[in-house]
Amino acid sequence: MSCFTNKYAGELVKNAAYIGTPGKGILAADESTGTIGKRLSSINVENIEENRRSLRELLFCTPGALECLSGVILFEETLYQKTASGKPFVDVLKEGGVLPGIKVDKGTVELRGTNGETTTQGLDGLGQRCAKYYEAGARFAKWRAVLKIGLTEPSELAIHENAYGLARYAAICQENGLVPIVEPEILVDGSHDIEKCAAVTERVLAACYKALNDHHVMLEGTLLKPNMVTPGSDAPKVAPEVIAELTVRALQRTVPAAVPAIVFLSGGQSEEQATLNLNAMNKLKTKKPWSLSFSFGRALQQSTLKAWAGKTGNVGKARAAFLCRCKANSEATLGTYQGNATLGEGASESLHVKDYKY
Amino acid sequence: MSAFVGKYADELIRTAKYIATPGKGILAADESTGTIGKRFSSINVENIESNRQALRELLFTYGKALPYLSGVILFEETLYQKTSDGKPFVEVLQENNVIPGIKVDKGVVELAGTDGETTTQGFDSLGARCQQYYKAGARFAKWRAENGLVPIVEPEILTDGVHDIKKCAAVTETVLAAVYKALNDHHVLLEGTLLKPNMVTPGSDSPKVTPEVIAEFTVTALRRTVPPAVPGIVFLSGGQSEEEATLNLNAMNKLEVLKPWTLSFSFGRALQKSTLKTWAGKKENVGKAQEVFLVRCRANSDATLGKYAGGGTGGLASESLFEKGYKY
Numbered sequence: 001m002s003c004f005t006n007k008y009a010g011e012l013v014k015n016a017a018y019i020g021t022p023g024k025g026i027l028a029a030d031e032s033t034g035t036i037g038k039r040l041s042s043i044n045v046e047n048i049e050e051n052r053r054s055l056r057e058l059l060f061c062t063p064g065a066l067e068c069l070s071g072v073i074l075f076e077e078t079l080y081q082k083t084a085s086g087k088p089f090v091d092v093l094k095e096g097g098v099l100p101g102i103k104v105d106k107g108t109v110e111l112r113g114t115n116g117e118t119t120t121q122g123l124d125g126l127g128q129r130c131a132k133y134y135e136a137g138a139r140f141a142k143w144r145a146v147l148k149i150g151l152t153e154p155s156e157l158a159i160h161e162n163a164y165g166l167a168r169y170a171a172i173c174q175e176n177g178l179v180p181i182v183e184p185e186i187l188v189d190g191s192h193d194i195e196k197c198a199a200v201t202e203r204v205l206a207a208c209y210k211a212l213n214d215h216h217v218m219l220e221g222t223l224l225k226p227n228m229v230t231p232g233s234d235a236p237k238v239a240p241e242v243i244a245e246l247t248v249r250a251l252q253r254t255v256p257a258a259v260p261a262i263v264f265l266s267g268g269q270s271e272e273q274a275t276l277n278l279n280a281m282n283k284l285k286t287k288k289p290w291s292l293s294f295s296f297g298r299a300l301q302q303s304t305l306k307a308w309a310g311k312t313g314n315v316g317k318a319r320a321a322f323l324c325r326c327k328a329n330s331e332a333t334l335g336t337y338q339g340n341a342t343l344g345e346g347a348s349e350s351l352h353v354k355d356y357k358y
Numbered sequence: 359m360s361a362f363v364g365k366y367a368d369e370l371i372r373t374a375k376y377i378a379t380p381g382k383g384i385l386a387a388d389e390s391t392g393t394i395g396k397r398f399s400s401i402n403v404e405n406i407e408s409n410r411q412a413l414r415e416l417l418f419t420y421g422k423a424l425p426y427l428s429g430v431i432l433f434e435e436t437l438y439q440k441t442s443d444g445k446p447f448v449e450v451l452q453e454n455n456v457i458p459g460i461k462v463d464k465g466v467v468e469l470a471g472t473d474g475e476t477t478t479q480g481f482d483s484l485g486a487r488c489q490q491y492y493k494a495g496a497r498f499a500k501w502r503a504e505n506g507l508v509p510i511v512e513p514e515i516l517t518d519g520v521h522d523i524k525k526c527a528a529v530t531e532t533v534l535a536a537v538y539k540a541l542n543d544h545h546v547l548l549e550g551t552l553l554k555p556n557m558v559t560p561g562s563d564s565p566k567v568t569p570e571v572i573a574e575f576t577v578t579a580l581r582r583t584v585p586p587a588v589p590g591i592v593f594l595s596g597g598q599s600e601e602e603a604t605l606n607l608n609a610m611n612k613l614e615v616l617k618p619w620t621l622s623f624s625f626g627r628a629l630q631k632s633t634l635k636t637w638a639g640k641k642e643n644v645g646k647a648q649e650v651f652l653v654r655c656r657a658n659s660d661a662t663l664g665k666y667a668g669g670g671t672g673g674l675a676s677e678s679l680f681e682k683g684y685k686y
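Residue numbers (the numbering used here), protein chains in the order written: chain B, 1 to 358; chain P, 359 to 686.
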């Protein structure tokens, strides 16, 4: 067998394809306790379990929002949390036609001898953890590998380590019924131009798909979560159409048609930018054998968080802001977004944080 | 730069795309002098230059067949040959919108320490040779690309063996993944290349399966490994009979699954077998032989559109062309 197939094969293919349904995408709500703490402190909210739970209830129970989503990535704590009235979040999502997903990596560590490059941890006992998460209702997983662009980066070592870590994680997920989202994020930090980002992205993605093939991963049961191809954060901006062209070209050169969907990360782009770029890609008239959608964290939640500010009285306002971004991105997957959805405060704010540590 | 983009980039992309035009395909007429000798001896024809010239004239000057071809791969000797009226073959092809291609490898040599596995020679002075071929009118090659020639990448996995179709699929996927990783490492512009793979089939000594099964396994393998940037895939026939090769190609084009590259042919034996037998080296048979050639060209053109109704020229077309351990 070139690719591994087991009792989960049919289900993996079905779930991966479902996540790529046109008009839908993923809400990345898998911020670790540390990371969500940073978000909460930016709106002066205490980082305690109840507040973390309230935020997620605010999001998942927004009327109409779930129709725009095919999946939500959760942090482990959230997988076992419930609404105030006692309903497990996992059930709320399932009933809304949304697949629960789970973040399974354990963060990055530096690669000795490199210039600050990293690899991602989390393979130990991953099989058992995946089986546990499947029992709890999760149907897909996420693992974030990180690379950066510099004079000599990304190095061959960093590319190889991250690609093979992703491939091993993907194989283990499939063994346990979870669709692996393969996320090789190339950070936007830097003053390089968009062509440089394109070249690096193509090199990294080619390495990823070679590694996935080596590890007998069944591509039809996976998803890709790449960065869009953009200029570095310190370089002059370009139009969404240019980002769309170079991003799709990079994907055409590296991502096999067997992959059902590509769900972009937003990586520090403002809510509006991320939506406009995704929209431009879906308007592009060229070969796209995979659907192009979103897996946004900050780019879906920024204005919602600001509107909420931790106050129960603001939940309605916050939900309106969230629904607005969900609908905008849903349209962007169809190439029908008209722009400037009633902008919530902060929708145009860049969300870039230098050297972002999740 | 991720892909090498020299002065030829636009031309390469245009040429590759044209070769992949639906309804057209490639005639692989690049048999080396030694190989064409084997074909000739099977029809009792002497392996001399004028006979090699006569065969290619028979094939290239039949105007009715040329619309079904987007390219013809030539051996070096043929690139410089002319019709009996003195017109260069290259010109005849160009005037009929058929792109001349050139075989550039120098055959295989064994890899020491393996069980008969090989690698292909031909890198030495390849750049200089490609430049010469480009000047002579060639626009694609069966190998690499820095000098304006669209490379056809051909990683043939031989059918010899008792393995089943699943094994062939696994090996094909592993090989193609390695090929595309290597092309990426070498900064090759995929939009200016073509792939010439084997179809995924059971081994020659193992039970046959239907064209639909071959189509499914083949297209699945390609969907898992060949990036959408590649404009066309032109299959080799590898010993299949003329009819088998056409039926399999047809089944692939009928398959209702997303295929971001066109699926066509680059057939040698599977386009020429019955033509050769009909010609038998005799001038008076040229007309009949050309008609037989036209039938196979049309059949394969229909197959690239999933429209082939089956039943070309009966008997000869169904003969297997498989030869154990085939050496080109």
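A few of these clues could be false.
Claimed, not checked - With a straight-line cut-off of 30 Å between C-alpha atoms, the simulated DSS-like cross-links for lysine-lysine are: (1) P:K375 with B:K288; (2) B:K287 with P:K464; (3) P:K493 with P:K612; (4) P:K365 with B:K196; (5) P:K539 with B:K148; (6) P:K464 with B:K285; (7) P:K617 with B:K287; (8) B:K196 with P:K524; (9) P:K617 with B:K288; (10) P:K524 with B:K14; (11) P:K464 with B:K14; (12) P:K524 with B:K288.
To be verified - Not everything, but these chain B residues come out facing chain P in the computed CB check (under 7 Å): (13) G37; (14) R39; (15) A206; (16) K210; (17) L219; (18) T254; (19) P256; (20) A257; (21) A258; (22) K283; (23) T286.
To be verified - Ranges of calculated distance between the beta carbons of each label pair, as one might list FRET restraints: (24) B:E156 with P:G392: 54 to 64 Å; (25) P:T478 with B:E77: 18 to 28 Å; (26) B:G34 with P:A470: 48 to 58 Å; (27) B:G64 with P:S564: 48 to 58 Å; (28) P:S678 with B:G150: 32 to 42 Å; (29) B:G34 with P:D518: 56 to 66 Å; (30) B:S350 with P:K524: 42 to 52 Å.
I should point out that these hints are in silico values taken from the structure, not numbers from a laboratory.
Note that the structure is predicted; figures quoted are calculated from it, not measured.
Glycine included, every Cβ here is placed at the ideal spot set by N, Cα and C.
Task: Hint check against the structure, violated hint numbers in rising order - done: 2, 3, 6, 8, 11, 13, 14, 22, 23, 24, 25 and 28
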